[in-house]
Amino acid sequence: MNRPVDLLRLTVNGRDHALPVAPGRRLSEVLREDLGLRGTKVGCDAGDCGACTVLLDGAPVCACLTPVAQAAGRSLTTIEGLSGNKLSPLQQAFHAHGAAQCGICTPGMLMAATALLRASPHPTRAEAEAALGGVLCRCTGYGSIIDAVVGAPAPIAAGSGVGQPVARLDGIPKVAGTEVFGADVAPDDALSVRAIRSPHAAAGFAFGDIDGWIARQGGGLQVFTAADIPGENRFGVIPDCADQPALAETAVRFRGEAVALLAGAADRVEAAALGDFPVTWSPVPALVDARLAPGAPPLHAHRPGNLLIAGRVRTGDAEAALAASAHVAEAEVETGFVEHAYIEPEAGAAWLEGETLVIRACTQAPVLDRDSTARVLGLPPDRVRIIPTAAGGGFGAKLDLSVQPLVGLVALKTGRPARMVFTRSESMAASTKRHPGRMRGRIGIDAAGRVTGMTFDGDFDTGAYASWGPTVAVRVPVHASGPYRTPAYRAEARALHTNNPVAGAFRGFGVPQAAVLQETLYDDLALSAGIDRLEFRLRNALRDGDRSPCGQVLHGVGIAECLEALRPHWRRALAEAGAAPHRGVGVASCWYGCGNTGLPNPATVRVGITADGRLRLHQGATDIGQGANTVVTQLCAEALGLPAERFELIGPDTALTPDCGKTSASRQTYITGKAAMLAGAALRARILALANTGPDARLSLDGGRLRATDARGGREIALRDLPADANGYVLGAEERYDPPTGALDADGQGTPYAVYGYGAQMAEVAVDPELGTVRVLKMTAAHDLGRVVNPLLAEGQVRGGIAQGLGMALMEEYVPGVTENLHDYLIPTTGDMPEIEAIFVEKPDPEGPMGAKGLGEHVLIPTAPAILNAIRHACGARLTRLPALPHRVRAAIRDAEGAP
Amino acid sequence: MVAYYRPGRLSEALAMLADAPMTVAAGCTDLFPATERRALSGTVLDLTAIAGLRGIAATADGLRIGACTTWTDLLAADLPPAFDMLKQAAAEVGSVQIQNAGTVGGNLCNASPAADGVPCLLALDAEVELASAAGHRRMPLAGFLTGPRRTALTGGELLSAVHVPRAAMQGDSRFLKLGARRYLVISIAMVAARLSVDSGRIAEAAVAVGACSAVARRLPALEAVLRGAPAADAPRLVRPDLVAPALAPISDVRADAAYRHEAAAVLVRRALAGLIPAGVPA
Ligand SMILES: Cc1cc2nc3c(=O)[nH]c(=O)nc-3n(C[C@H](O)[C@H](O)[C@H](O)COP(=O)(O)OP(=O)(O)OC[C@H]3O[C@@H](n4cnc5c(N)ncnc54)[C@H](O)[C@@H]3O)c2cc1C
Ligand code: FES
Ligand code: FES
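Chains as they are written, first to last, in full-length UniProt numbering: chain A, 1 to 900; chain B, 1 to 282.
Honestly, the hints are just simulated from the structure, not real lab data. Being a predicted model, the structure only gives us computed values, none of them experimental. Certain hints may be false.
[Claimed, not checked] Pulled from the structure, derived: some chain A residues nowhere near chain B, Cβ distances all over 12 Å:
(1) G14
(2) G133
(3) H327
(4) T830
(5) P883
[Stated by the list, open to error] Derived list of chain B stretches under chain A, where covered just means 3 residues or more per stretch with a C-beta under 8 Å from a C-beta of chain A:
(6) 31-41
(7) 44-55
(8) 87-100
(9) 180-191
(10) 211-217
Ideal Cβ placement from N, Cα and C applies to all residues, glycine included.
Please construct the entire structure, taking both the sequences and the accompanying hints into account.
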């Protein structure tokens, strides 16, 4: 083969193919685009994520790094080759262990694990970690994956009721490799869309001769700019603050902002010389330091001082309380941008169906996408239909629009289907980030070790556009006290614009940053008062009937129970750390209000039975891997009295499902779960009324036969004889639930949330004092869920949240223009995760469905402060800047040694 | 015209390379991450079908490692303890997937300051064999690496093999890598050390540090102090002034320069401590 080849011969999963492809093409592209084998995923195109792992003569390689010529004549196995009619035992184990959350890393994991198990059928955990070290997962924290690979026993569910460890109802496609993610939607003849993005953080720009450039590319391309946008070129998750153009108009405000779109056949777009696209940039000095924002020229004319918004909560006289305190601790802490680093870059496609623009893309907020896209494209909302694909991770950043208005614009303008897949660097540059915070705080205690007062001031860099900045500024002051009694309190948070990446929603909305400050100050206070650090927290923990700093009387408060659950572990760990050098233990707590802050955020759920006996749940909460499809169904099933596995799920689709709101703010189990529970109960009431049976009747639905049985006997309901409603159901119910909250006044007093969740985590670490490296040995996490709807999925949230918290503590920092890839931006690998022990506390919430509270964000909040406190316990190093990279830990150790 | 050549013989490859400039490709684990394109661009000369470039063989004067030998090949090879450090480095290159594709030759020609193979091969006194249509030449690895991403390769030339002289195949060796996470990590600093000990004394010492200068460096001043010293003293003899002058670390997102200096000395000390033969009194 020493000449350019015309037909390349590949043997994939035992089948031979002869393909007219360029020999230097990435194997991943050929598999996905030429052979349609889209089970192999692409997360980075750089070898960093391992999602594209395939077996070449049995050995795992990254398909994205393999020129297809090197695979020719060899035996190639992909995820599609793992199962015949039946899932392989490994795939079944992944399913049973909940090892696939979003599922985007699953094919790569399965391929790497398959190679390991062929060579070594009974691997140790360490061997499994090494074999899977090249595949990143952002959801699971790896524990469940390693469990599945080493053949640990899986939890066994007794039925599918609430409280059972039911395997994900939508899980089979994830382990089979057939799940459809954003990049897997490839309509025939779709135009490929690419964005031209700014290399500057702040610049004016003007286009030159675009037609001439297209002609030089040989034609077949179209270019769209802001001038082509038919509607209002402005979007944002908070309608009042919408300020971000889909395509910048005359100036860009951050590096990576899109200014134009290129559309055409995939090969034409790929070949286009983007380097000489006719755009002239006029860079201006960029505002990159939020400290300078108040004095700098405003990025948005109507926001003087670059202040997007400030939030405040005040109760009592904090200054006076501090002045009268026996001990006061004070600190300033700084955190950087953190990238969501989901393994699936943003992707999707759009096309026209008659008058309707249909968009299939990965998202966390379909209805918001519909309304925002419609506004940008000048369409009434009912002419846009959003059908979410599976989301390969979201964690907050897929709440904001990404590809939707861009593919929508191209489809609308050309009448042809349009498809766009962000590259990894594009995803990292264009998507939102966790807000960097510069926070100062003071907390006082009395002689008995009781907190007397606290002040908190936080400046958050919200980047170029509003996104979720307002939410962060409001949420932080509400939560900065932690779940502790704080009688006098003043907390202020500001969101400031800079020319940095847009900071938005990321698991916890600023609360994890604030917890770092508050929880490290609590260690200072416990030390100065001479009280055990866990007991100090217990002494101050909020209890039922206490008022929060917002003046809200709280019920179902489980923080003390969580801390108490940690106590035996704490004592063991302290003893062990005391017996070994450079070992430390730390603890930290969290609380977190579920749902929007003081604003309505309803969910509506529909359930129905068709004349032929199909039971359908219209479940509009996007499942981004956290398990809403399963948990919401379990709640509905329990209320209805039919098994969860009997339900057919009608997934989020703005044409088919009522609005369940955004998958954000840990609200879906609580809010959509409650709507589902109410809908299930309403349907049950109708059935019982029809059957004329008592309230504890048992229902059964078999082959179109619905029966209700009570002590008096069974009744069958003749479904076929009932008239169908407008939705096609002979029996149906639809319920809406909106949390009872109230707006906050100028001092932040009010009822921001109806339900809070609580938790406490303990970190055990070993520090290498000479190198400043930190190894987390174990995390013990006690969380109050009110009611554990599904322990398997809850544990998955705990492990995954801790992995992100560990990354934030030890390695993650996004630097625009520097870490726009997954080898400079580090997230934990298999080898970085400790053993995690999850403890669930059930202190029922009077408002939550069957007592349940949210969990998704809570789990991340205590992790970083617990680790920092453990580092300090191990070696005296007090970190005030995250992440605790080895050189920073080493410098802090030196400071501690030099301290008197 | 874009062409992709994948010849089966070295002579063919050299003839093609003499004809026109082209991108030499091996495992492509450095080439592909450098582009967002869906295919390698330009004219490509893929070396991976040339059997003679892959594999490890004893020669009259030492050992020859073919340029296209993968890290996985190295890990599977039966080699004397002087190569333990190279195997330890191989096991730390990226991930299993990267080790299955990435090659020793690619690692050297890519000439990253953080290339994990380089300190080990420096500490093995390796020479590179460069081939062109005009013939072969050999030069010390230290001379081949001329700067970050720069080598002594000239037009028409490719790296055909790495040679380790018999004299350097003595002793025990160790590689230590420091990064901010466990797998898939670019080194903040790494150290390769090889010691031959004779009756409790150090007969030969070779120590190299990577990721702390534009090109990985041997530490001749330290090696001179180590030679002849009691093996048990080796860790104690590592003083900052014997390590720092050879290095010129930068500050970047991974670590600052002062830290790299300090960490390099710590790693050297630990690597040497791990090489004190059992039974030698400390
Ligand atoms: C995710 C990831 C993790 C990595 N981790 C590490 C790591 O931990 N440590 C580390 O050191 N490296 C690491 N690398 C870099 C890379 O894998 C290694 O440097 C590897 O050895 C390169 O070999 P290759 O065959 O893939 O090189 P290629 O990509 O094929 O080539 C690299 C360069 O060398 C040239 N070249 C290759 N062979 C020859 C030859 N015989 N003659 C002349 N020129 C040649 C090519 O033209 C190109 O410029 C990593 C890479 C990835 C993608
Ligand atoms: S896509 Fe290949 S490693 Fe990420
Ligand atoms: S399940 Fe691994 S990335 Fe989502």
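So which of the earlier hints does this model not fit?
2, 4, 5, 10
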